[in-house]
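K.L.:
Sequence:
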Amino acid sequence: MNQELINRYENYLKNYKRSNEKTIRNYIYDLKAFDKFIDKEFTDVSEEDIDTYIQNKKDKKISPSRINFSIATLSSFYKYLKKIKITKDNPVENISRLKIKRKKEIEYLSTYQIYETRRKLAEYGDKQLEVFFGILVASAPKKYMISKLEWRKIKWKQNYIEVVINEKERGILYLDNYTMERLTELRKERKDKHIKKKWIFITRYKGNWKDIGDSTITYWLNKIAKIAEVDRLTISSMKTTMLHYLKNGRRFSDEKINKILNINRFDNEFRSIYLQDLEEIIKME
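Numbered by this note's numbering, the letters in the sequence shown go through residues 1 to 285 in order.
Worth flagging that the hints you see were computed from the coordinates, not collected in a lab. All C-beta atoms in this analysis are idealised placements derived from N, C-alpha and C, irrespective of residue type, glycine included. Certain hints may be false.
Said to hold, decoys possible - Between beta-carbon pairs, the in silico distance windows are:
id	residue 1	residue 2	range
1	K143	K40	45 to 51 Å
2	Q276	D231	40 to 46 Å
3	R118	I84	53 to 59 Å
4	K58	D126	32 to 38 Å
5	I84	V164	47 to 53 Å
6	W151	K83	21 to 27 Å
7	N11	W156	52 to 58 Å
8	D192	N11	43 to 49 Å
9	K40	R187	57 to 63 Å
10	Y144	L243	16 to 22 Å
11	L98	E10	23 to 29 Å
12	E107	S46	47 to 53 Å
13	K36	R232	34 to 40 Å
To be verified - With a Cα cut of at most 30 Å, we get these calculated DSSO-like pairs of lysine-lysine:
id	residue 1	residue 2
14	K88	K143
15	K226	K127
16	K120	K17
17	K157	K206
18	K168	K193
19	K247	K142
20	K127	K99
21	K196	K206
22	K40	K148
23	K198	K142
24	K206	K188
25	K226	K57
26	K32	K83
27	K247	K259
28	K226	K193
29	K88	K142
30	K193	K206
31	K17	K239
32	K60	K32
33	K223	K247
34	K36	K120
35	K99	K17
36	K143	K58
37	K142	K127
38	K79	K60
39	K197	K210
40	K99	K88
Model the full assembly from the supplied sequences, consistent with the hints where possible.
P.N.:
This is the structure:
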């Protein structure tokens, strides 16, 4: 009986809810684990059974976020059973999700932490991650700009990369020598591996390389935070890091920092003017 209900629910997720494959796979895995643990018909499950199941997960030191996913799975499943009139009650209805302590976002990385993170990233051995960190520290682009970065837009001698934001807007990201060196190494690595993609940042999906999305950017920030041994990094904290680094690490004047910020996004018709600003920045080196 239980397996039949799981099969029906899986069919419902595929054909009516149109959930993605990964979500369906995780839901069904959780339901099968619950079925094995509870060892009774789903229609006979009580709220006390659910509490026992959750406590068992706590005893096994399973993370609160993973336990909450299991609660969400059972809640959705029993709502479905109630909808098709298999059960009259939802035993998960009064079950509360676990509170999750959110990792504290740091204000910024100090100059020392930046150099230490660079060293640790080199040891970690991911060239793409080194470039990603380098660009964040050098110019702190907006999240939507990161996935748009293309190899052909790099100006290797001038130390900058131009970003096509949309038909009307452009951006220029000023890059330091560290980032340019890492970009050179990443380009060679891609060539050696015969990976020909126009995007600088790529991720592997179903065996193919594609441009990255917001979830990958967040994942990379979390990975760098772990490598740097800090609680949490975000695009916002990396912008503050960039400002701190340029002012205190590289001793840039306020004028130069403001010029770097101003060229991050502008109307395409003013491109020539902002390129002149960029030349001024380079002259200030």
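K.L.:
Each hint should be assessed against the structure and marked as holding or not.
P.N.:
Now the hints, each set against the structure:
1. K143 / K40: 45 to 51 Å: holds, 47 Å
2. Q276 / D231: 40 to 46 Å: Roughly 41 Å apart at Cβ, these two residues keep to the hinted range, so it holds.
3. R118 / I84: 53 to 59 Å: holds, 57 Å
4. K58 / D126: 32 to 38 Å: Distance hint for K58, D126 holds at roughly 35 Å.
5. I84 / V164: 47 to 53 Å: holds, 50 Å
6. W151 / K83: 21 to 27 Å: violated, 51 Å
7. N11 / W156: 52 to 58 Å: Since N11 and W156 have Cβ atoms about 55 Å apart, the given range 52 to 58 Å holds.
8. D192 / N11: 43 to 49 Å: The hint (43 to 49 Å, Cβ to Cβ) holds, given that D192 and N11 are roughly 46 Å apart.
9. K40 / R187: 57 to 63 Å: holds, 60 Å
10. Y144 / L243: 16 to 22 Å: holds, 20 Å
11. L98 / E10: 23 to 29 Å: holds, 26 Å
12. E107 / S46: 47 to 53 Å: Given range 47 to 53 Å: holds, Cβ gap about 48 Å.
13. K36 / R232: 34 to 40 Å: holds, 36 Å
14. K88 / K143: violated, 47 Å
15. K226 / K127: holds, 17 Å
16. K120 / K17: Not satisfied, since the Cα-Cα distance of roughly 44 Å exceeds 30 Å.
17. K157 / K206: Cα-Cα ~36 Å, so violated.
18. K168 / K193: violated, 36 Å
19. K247 / K142: Within the cut-off at roughly 20 Å; holds.
20. K127 / K99: Roughly 37 Å separates the two Cα atoms, so the pair is violated.
21. K196 / K206: Holds, at roughly 17 Å.
22. K40 / K148: violated, 52 Å
23. K198 / K142: holds, 20 Å
24. K206 / K188: holds, 24 Å
25. K226 / K57: holds, 25 Å
26. K32 / K83: At roughly 21 Å apart (the allowed maximum being 30 Å), K83 and K32 satisfy the hint.
27. K247 / K259: holds, 13 Å
28. K226 / K193: Holds - the C-alpha atoms of K193 and K226 are around 28 Å apart, at most 30 Å.
29. K88 / K142: violated, 49 Å
30. K193 / K206: holds, 18 Å
31. K17 / K239: violated, 39 Å
32. K60 / K32: With a Cα-Cα distance of about 18 Å, the restraint between K60 and K32 holds, given a limit of 30 Å.
33. K223 / K247: holds, 26 Å
34. K36 / K120: violated, 43 Å
35. K99 / K17: holds, 28 Å
36. K143 / K58: Answer violated: K143 to K58 is near 36 Å, above 30 Å.
37. K142 / K127: holds, 21 Å
38. K79 / K60: holds, 27 Å
39. K197 / K210: holds, 8 Å
40. K99 / K88: With Cα atoms ~29 Å apart, K99 and K88 stay inside 30 Å; holds.
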